[in-house]
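One line per chain: the protein sequences are A and B, in this order.
Here my numbering is used: the first residue of the first sequence is 1, the next is one more, and so on.
Here my numbering is used: the first residue of the second sequence is 108, the next is one more, and so on.
If you are wondering where the hints come from, they were derived from the structure by calculation, not from laboratory data.
The reader is advised that the hints may include incorrect statements.
[Stated by the list, open to error] Subject to a maximum C-alpha distance of 20 Å in a straight line, what follows is the list of computed DMTMM-like cross-link-like pairs (lysine to aspartate or glutamate):
1. A:LYS71 with B:ASP173
2. A:LYS40 with A:ASP91
3. A:LYS40 with A:GLU8
4. A:LYS51 with B:GLU195
5. A:LYS51 with B:ASP173
6. B:LYS199 with A:ASP91
7. A:LYS69 with B:GLU152
8. A:LYS69 with B:ASP173
9. A:LYS69 with A:GLU36
10. A:LYS10 with A:ASP70
11. A:LYS52 with A:ASP87
12. A:LYS52 with B:ASP173
13. A:LYS52 with B:ASP120
14. A:LYS40 with B:GLU185
15. B:LYS199 with A:ASP87
16. A:LYS52 with A:GLU25
17. A:LYS52 with B:GLU166
18. A:LYS51 with B:GLU201
19. A:LYS71 with B:GLU166
20. B:LYS199 with A:ASP50
21. A:LYS71 with A:ASP21
22. A:LYS52 with B:GLU152
23. B:LYS203 with B:GLU152
24. B:LYS119 with B:GLU163
25. A:LYS10 with A:GLU25
26. A:LYS51 with B:GLU163
27. A:LYS52 with A:GLU82
28. B:LYS199 with A:GLU84
29. B:LYS199 with A:GLU36
30. B:LYS203 with B:GLU185
[As the list claims (entries may be wrong)] If you want the ones that stay clear, here's a sample from chain A, every Cβ over 10 Å from chain B, calculated:
31. HIS16
32. LYS18
33. ASP47
34. ALA49
35. GLU82
Fair warning: this is a prediction, and the values are worked out from it, not measured in the lab.
Note that CB positions come from ideal geometry on N, CA and C, so glycine has one too.
Take a look at the letters that make up each chain.
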Amino acid sequence: MTVQSVIEQKLAAGIHAKHMDVVNESSNHNVPPGSESHFKVVLVSEDFADKKLLQRHRMINEILADELKDKIHALAIHTYTESEWKDANGDAPMSPPCQGGDGSLSP
Amino acid sequence: MDVLERIDKIVKDNPVVIFMKGTPQLPQCGFSMRAAQALQACGQEFAHVNVLMDPEIFENLPRYQDWPTFPQIYVNGELVGGCDITMELFQKGELKNMVEEAVV
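Chain A on its own, in the form it takes in the complex:
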């Protein structure tokens, strides 16, 4: 199973999401083609109501703890309640451009 599918399945099981988007952004980074190292997740859920950003991100970090240990190098997280998602016009921020990474791979 791809890392992307694992992320999608675990998040779907762990969060009652109205909207979920898991994007493989690895091709924007200093890794070989076809890598599954850099991901962005966008989640819209009432599970986040009354939770601070730190708590929301901890929920996701915990669900994906195994993947974060070795498979995922970067994980951008954008969390919204339904009303916050409406305010954001259904648009999560873009991830930043790569700045070279950890130097483990030559450019």
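Given chain A, put chain B in place with the hints provided.
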């Protein structure tokens, strides 16, 4: 000194500190870059630790506050979060207030 004590001392000794890949002047990761830029835009001095230059901190920082990724931003001894949280607080204007209150 134990590495967690060393990290704790850095966090407690500096009202605002970012553990990042690279430096604010020469960031080595887009997420670290953005978070450092947000802190710079708050207009106060802040400390930084280049985790790529300190393998011990690189290895052990994730277990300090059970936060698996870099960068990590601490204000007033408390974890604010990583890049995405820092950016969101910056855009809401909250980060500037937090930083100013911590530095005073």
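Hint by hint, here is what the structure shows:
1. A:LYS71 with B:ASP173: holds, 18 Å
2. A:LYS40 with A:ASP91: Given pair A:LYS40, A:ASP91 holds - Cα atoms ~13 Å apart, limit 20 Å.
3. A:LYS40 with A:GLU8: holds, 11 Å
4. A:LYS51 with B:GLU195: Holds, at about 15 Å.
5. A:LYS51 with B:ASP173: holds, 18 Å
6. B:LYS199 with A:ASP91: Satisfied, since the Cα-Cα distance of roughly 16 Å is no more than 20 Å.
7. A:LYS69 with B:GLU152: Roughly 33 Å separates the two Cα atoms, so the pair is violated.
8. A:LYS69 with B:ASP173: The hint holds at about 12 Å.
9. A:LYS69 with A:GLU36: holds, 14 Å
10. A:LYS10 with A:ASP70: Distance of about 16 Å is within 20 Å: holds.
11. A:LYS52 with A:ASP87: Within the cut-off at roughly 17 Å; holds.
12. A:LYS52 with B:ASP173: This hinted pair holds, its Cα atoms lying about 16 Å apart.
13. A:LYS52 with B:ASP120: Violated: A:LYS52 and B:ASP120 sit about 25 Å apart, past 20 Å.
14. A:LYS40 with B:GLU185: Roughly 25 Å separates the two Cα atoms, so the pair is violated.
15. B:LYS199 with A:ASP87: holds, 13 Å
16. A:LYS52 with A:GLU25: With Cα atoms ~26 Å apart, A:LYS52 and A:GLU25 exceed 20 Å; violated.
17. A:LYS52 with B:GLU166: violated, 27 Å
18. A:LYS51 with B:GLU201: With a Cα-Cα distance of about 16 Å, the restraint between A:LYS51 and B:GLU201 holds, given a limit of 20 Å.
19. A:LYS71 with B:GLU166: Distance ~16 Å between A:LYS71 and B:GLU166 Cα, so the pair holds.
20. B:LYS199 with A:ASP50: holds, 17 Å
21. A:LYS71 with A:ASP21: Since the Cα atoms of A:LYS71 and A:ASP21 sit roughly 19 Å apart, the hinted pair holds (cutoff 20 Å).
22. A:LYS52 with B:GLU152: violated, 26 Å
23. B:LYS203 with B:GLU152: holds, 12 Å
24. B:LYS119 with B:GLU163: Holds - the C-alpha atoms of B:GLU163 and B:LYS119 are around 18 Å apart, at most 20 Å.
25. A:LYS10 with A:GLU25: holds, 19 Å
26. A:LYS51 with B:GLU163: Measuring from Cα to Cα gives roughly 32 Å; hence the hint is violated.
27. A:LYS52 with A:GLU82: holds, 15 Å
28. B:LYS199 with A:GLU84: Holds, because 13 Å separates the two Cα atoms, which is no more than 20 Å.
29. B:LYS199 with A:GLU36: violated, 32 Å
30. B:LYS203 with B:GLU185: Since the Cα atoms of B:LYS203 and B:GLU185 sit roughly 15 Å apart, the hinted pair holds (cutoff 20 Å).
31. HIS16: Label holds. Min Cβ-Cβ 21 Å, cutoff 10 Å.
32. LYS18: holds, 19 Å
33. ASP47: Given a closest Cβ separation of 17 Å, the condition holds.
34. ALA49: holds, 16 Å
35. GLU82: holds, 17 Å
When the structure is compared with the earlier hints, violations turn up for hints 7, 13, 14, 16, 17, 22, 26 and 29 and for no others.
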